[in-house]
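Since the structure of chain C is already known, use the hints to place chain D on it.
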Amino acid sequence: MADNKNIIYGLYNDEEDLLRAVKEANVDHLEIMDVYTPFPVHGLDPLLGLSESRLHIAGFVYGLIGFLTAFGGMTWIFTKDWPIIFGGKPHWAVPAFIPITFELTVLFASIGMVLTFYIINGLGPGVVNPTIDLRITDDKFCIAFDKAEVDSSKVESFLRKSGASEIHSKTI
Amino acid sequence: MSSHVSPIREPLIQGNKSYHDITVDLVSPTERPPSPAWIVGIIISITLFAFGLFCIGWTVWNGIGTWNLNRTIGWGWDITNFVWWIGIGHAGTLISAILLLFRQKWRTGVNRAAEAMTIFAVMCAALFPGIHVGRAWVVFYFFPYPNTRGPLWPNFNSPLLWDLFAISTYFTVSLLFWYAGLVPDFATVRDRAKGIRRKIYNILSFGWTGSAKHWQRWESLCLILAGIATPLVLSVHTIVSFDFATSVIPGWHTTIFPPYFVAGAIFSGFAMVLTLMIITRKLFNLQDYITIAHVESMNKVILVTGTIVGVAYLTELFIAWYSGYVYEQFAFFNRAAGPYWWSYFGMMFCNVISPQIFWKKKYRRSIAVTFFVSIVINIGMWFERFVIIATTLARDYLPSSWSYYSPTWVEMGIFAGTIGLFFTLYLLFARVAPVVAIAEVKSILKSSGNQYVGPDAHKHSHSKSAHESTPVINHDTAVTNDLSVASGIATGTAASATKSDAKVGSTTAIDDLTKIEGIGPKISEILQNGGINTFAQLAGTNPADIKNMLDAAGSRFQTHDPGTWPEQAALARDGKWDELNDLQDRLDGGKYV
Numbered sequence: 001m002a003d004n005k006n007i008i009y010g011l012y013n014d015e016e017d018l019l020r021a022v023k024e025a026n027v028d029h030l031e032i033m034d035v036y037t038p039f040p041v042h043g044l045d046p047l048l049g050l051s052e053s054r055l056h057i058a059g060f061v062y063g064l065i066g067f068l069t070a071f072g073g074m075t076w077i078f079t080k081d082w083p084i085i086f087g088g089k090p091h092w093a094v095p096a097f098i099p100i101t102f103e104l105t106v107l108f109a110s111i112g113m114v115l116t117f118y119i120i121n122g123l124g125p126g127v128v129n130p131t132i133d134l135r136i137t138d139d140k141f142c143i144a145f146d147k148a149e150v151d152s153s154k155v156e157s158f159l160r161k162s163g164a165s166e167i168h169s170k171t172i
Numbered sequence: 001m002s003s004h005v006s007p008i009r010e011p012l013i014q015g016n017k018s019y020h021d022i023t024v025d026l027v028s029p030t031e032r033p034p035s036p037a038w039i040v041g042i043i044i045s046i047t048l049f050a051f052g053l054f055c056i057g058w059t060v061w062n063g064i065g066t067w068n069l070n071r072t073i074g075w076g077w078d079i080t081n082f083v084w085w086i087g088i089g090h091a092g093t094l095i096s097a098i099l100l101l102f103r104q105k106w107r108t109g110v111n112r113a114a115e116a117m118t119i120f121a122v123m124c125a126a127l128f129p130g131i132h133v134g135r136a137w138v139v140f141y142f143f144p145y146p147n148t149r150g151p152l153w154p155n156f157n158s159p160l161l162w163d164l165f166a167i168s169t170y171f172t173v174s175l176l177f178w179y180a181g182l183v184p185d186f187a188t189v190r191d192r193a194k195g196i197r198r199k200i201y202n203i204l205s206f207g208w209t210g211s212a213k214h215w216q217r218w219e220s221l222c223l224i225l226a227g228i229a230t231p232l233v234l235s236v237h238t239i240v241s242f243d244f245a246t247s248v249i250p251g252w253h254t255t256i257f258p259p260y261f262v263a264g265a266i267f268s269g270f271a272m273v274l275t276l277m278i279i280t281r282k283l284f285n286l287q288d289y290i291t292i293a294h295v296e297s298m299n300k301v302i303l304v305t306g307t308i309v310g311v312a313y314l315t316e317l318f319i320a321w322y323s324g325y326v327y328e329q330f331a332f333f334n335r336a337a338g339p340y341w342w343s344y345f346g347m348m349f350c351n352v353i354s355p356q357i358f359w360k361k362k363y364r365r366s367i368a369v370t371f372f373v374s375i376v377i378n379i380g381m382w383f384e385r386f387v388i389i390a391t392t393l394a395r396d397y398l399p400s401s402w403s404y405y406s407p408t409w410v411e412m413g414i415f416a417g418t419i420g421l422f423f424t425l426y427l428l429f430a431r432v433a434p435v436v437a438i439a440e441v442k443s444i445l446k447s448s449g450n451q452y453v454g455p456d457a458h459k460h461s462h463s464k465s466a467h468e469s470t471p472v473i474n475h476d477t478a479v480t481n482d483l484s485v486a487s488g489i490a491t492g493t494a495a496s497a498t499k500s501d502a503k504v505g506s507t508t509a510i511d512d513l514t515k516i517e518g519i520g521p522k523i524s525e526i527l528q529n530g531g532i533n534t535f536a537q538l539a540g541t542n543p544a545d546i547k548n549m550l551d552a553a554g555s556r557f558q559t560h561d562p563g564t565w566p567e568q569a570a571l572a573r574d575g576k577w578d579e580l581n582d583l584q585d586r587l588d589g590g591k592y593v
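Chains as they are written, first to last, in this note's numbering: chain C, 1 to 172; chain D, 1 to 593.
Bound-form chain C, shown alone (with noise of 0.2 angstroms):
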């Protein structure tokens, strides 16, 4: 990370009260850097304002690869590349082809999402990402503020009121 942040953020005890608290943040017009939780809470992303993933998009687009790739393959290797009759059988004989053809779709588009997912999250083996809090991984609900964008002042007065039962400054 190039700059380090100063951050301010608050952790609460339960996911109902981290939805009310940012439910909260967007009335005051409080512009959230980030929430941080132990697991996946649902009704948070448009309170966020986060639009649904792509990532499926991107699946399909590896899927449709992995198709043509084998199709495609086992199309030219048995009509142009070498020719071979099996058990009489023609040479392009599609419905031979399909159970390849299926599992590469599958194979292409796990490999190619996974990937993917990894990647735009910036998550991979040796990345150390900067820890807000150890407990974000256990039983706390955090709601993380840059400094450089919110008036410190008011975000502490927000988080007292909206219920967080910790509330800490910190540089990462």
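Think of the hints as simulated: they come from the structure by calculation, not from any bench.
Please read all numbers here as calculations on a predicted model, not as lab measurements.
A portion of the hints provided could be inaccurate.
[Said to hold, decoys possible] A few chain D residues that don't get close to chain C, going by computed Cβ distances all over 10 angstroms:
#1 V40
#2 E316
#3 Y397
#4 D561
[Stated by the list, open to error] Here are the simulated DMTMM-like pairs of lysine to aspartate or glutamate, each with C-alpha atoms no more than 25 angstroms apart in a straight line:
#5 K23/C x D585/D
#6 K213/D x D133/C
#7 K213/D x D28/C
#8 K105/D x D138/C
#9 K446/D x D34/C
#10 K194/D x D138/C
#11 K199/D x D139/C
#12 K213/D x E16/C
#13 K213/D x D146/C
[As the list claims (entries may be wrong)] One-sided and incomplete, this derived list gives chain C residues near chain D with beta-carbon spacing under 10 angstroms:
#14 L50
#15 A93
#16 F97
#17 K154
Ideal Cβ positions, reconstructed from N, Cα and C, are used throughout, including at glycine.
Same frame as chain C, but now just chain D:
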């Protein structure tokens, strides 16, 4: 957040867990030194595996002639074991993918371990095709890669090659799916770890932070992987069955094979999941997360798939007779009454008859019965593959080449070795990774925890709110704020107090009757209306009288059984809380089980 859940839905998380309890319970097995049982287990497993490696070396060194295969019996224990392991490897992805799509919440308790089991079982399975070709060192010829032999390509029209693609795809996708689920949980382990452990788990967790956008993409990824893994699971065993069904050998050449193999695979997979889960929950003390409700759900799947398999067996027999084709008729007559009759009857008994015991709820919910039956099914499904392969090949078209196949010590040793490999990997996995998916269990807590649903709902919730007001210590690094956090706590507690059902207990004349297992806030109110305010009063009341009070209060209370309430209340009256706890541990919903 929690959607509406029927009050009669059985809780999937017992023990009144908080989020933190879940973390501690599920991570701690990886933090403790290994138990003696684990050490004994891994020593036995590694020994078996080492012997299996020796037998594989023996096979490769001396050639495939060390197995009792011959001109007609081309497949023996090798492919039997291959199909058996692949079948076992079906439950994991079925649980994590199909049950995810069907939104079956009970999957969260068992999916992690079942997926691990899948991956290890597929590894064991993949070993057999690799070595049964004889020249194991050129096994890479299977793969279509540009080579200097032409290039010469494999035969893409052959089911055996489809199998290669199906199994390698299945293995890869299962591994990716499994690991995607593990990443957030490794982060949980990382954030509790210190020193070198922290470094290792940081690498394993890929730097996971728990950001909202990451979770959103994570859920999207898991859902789509589930969506495409579902047809994949079905395709894998379908293609395995094509290995047989596309041949022209009587007894193999049947159109029923794909669905029959898939049902059999799910059946044997669930049996192995149950075997492992019953050991795991005991070994790592996970009875609160892998509950009787989970066992019962899986037993229902076993009952259904076992019966499907039974129907398939009978259909095969009927079609053999109805086809009027003498070779087919002989093949099936030979299976049931030929030299391998014992394996046919073993298969019928273990796979069709034994699971029928699960029609009875008492046995579905019995750990001992389930464990025993699951092992019987594992054996039965091995017999099934042996019946299909050995009986068919030992009696082919030409009576002069008939023989009786039995394995050599090398073949048996390799099979034992795969069992060793499987358990070695599983035991190692259970030491380094949380065997139950932490984040997923937390996400169903509000809809499946026993303090939220089921007979004991809301019984303990007020004691939890006490923890929520722990003082705030602003101990973090860097710039620390000196704001008066006290007011923050005050509002925080107020907010949580509205959430948790505040209950009677403030005035001294009234005891908190919800301490009695089986009594919730509603019943406590009914009892108070009926003049029972203290433990002493409850202890002195006849269960039949309580029953009358409940019946009078409405039909929804009629299912409650107050039989043990006075007994429990007597202990509470005398302040014998430890004894009460012991008693409640033995009770299920306030009843003796």
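Going down the list of hints, with the structure as the test:
1. Even its closest Cβ contact with chain C, about 32 angstroms, leaves V40/D beyond 10 angstroms, as expected for a residue assigned away from the interface.
2. Listed as a non-interface residue, E316/D keeps its Cβ farther than 10 angstroms from every Cβ of chain C; the least gap is roughly 23 angstroms.
3. Here Y397/D stays apart from chain C, with its beta-carbon at least about 19 angstroms from theirs, past the 10 angstroms limit.
4. With a minimum CB-CB distance of about 33 angstroms to chain C, D561/D clears the 10 angstroms threshold, and the non-interface call stands.
5. The hinted pair formed by K23/C and D585/D fails the criterion: a straight-line CA distance of about 42 angstroms is larger than 25 angstroms.
6. Restraint check for K213/D and D133/C: the C-alpha separation of about 18 angstroms stays at or below 25 angstroms, so the hint holds.
7. For the proposed pair K213/D and D28/C, the alpha carbon gap of about 22 angstroms is at most 25 angstroms, so the pair holds.
8. Under the criterion of a C-alpha separation no larger than 25 angstroms, the hint pairing K105/D with D138/C is consistent with the structure, at around 21 angstroms.
9. For the proposed pair K446/D and D34/C, the alpha carbon gap of about 24 angstroms is at most 25 angstroms, so the pair holds.
10. Between K194/D and D138/C the CA atoms are separated by roughly 15 angstroms; this keeps the pair inside 25 angstroms, and the hint holds.
11. Between K199/D and D139/C the CA atoms are separated by roughly 22 angstroms; this keeps the pair inside 25 angstroms, and the hint holds.
12. The hinted pair formed by K213/D and E16/C meets the criterion: a straight-line CA distance of about 18 angstroms does not exceed 25 angstroms.
13. In summary, the hint linking K213/D to D146/C is supported, as the alpha carbons are separated by about 17 angstroms, within the 25 angstroms threshold.
14. A cut of 10 angstroms between beta carbons decides the hint on L50/C: the least distance to chain D is about 6 angstroms, and the hint holds.
15. Checking A93/C against chain D: minimum C-beta separation of about 6 angstroms stays under 10 angstroms; hint holds.
16. For F97/C, the suggested interface contact is upheld, since its CB lies about 6 angstroms from the closest CB of chain D, less than 10 angstroms.
17. Taking 10 angstroms as the C-beta cut-off, the interface hint given for K154/C is violated, the closest approach to chain D being about 12 angstroms.
The structure is inconsistent with the numbered hints 5, 17, although it conforms to all the rest.
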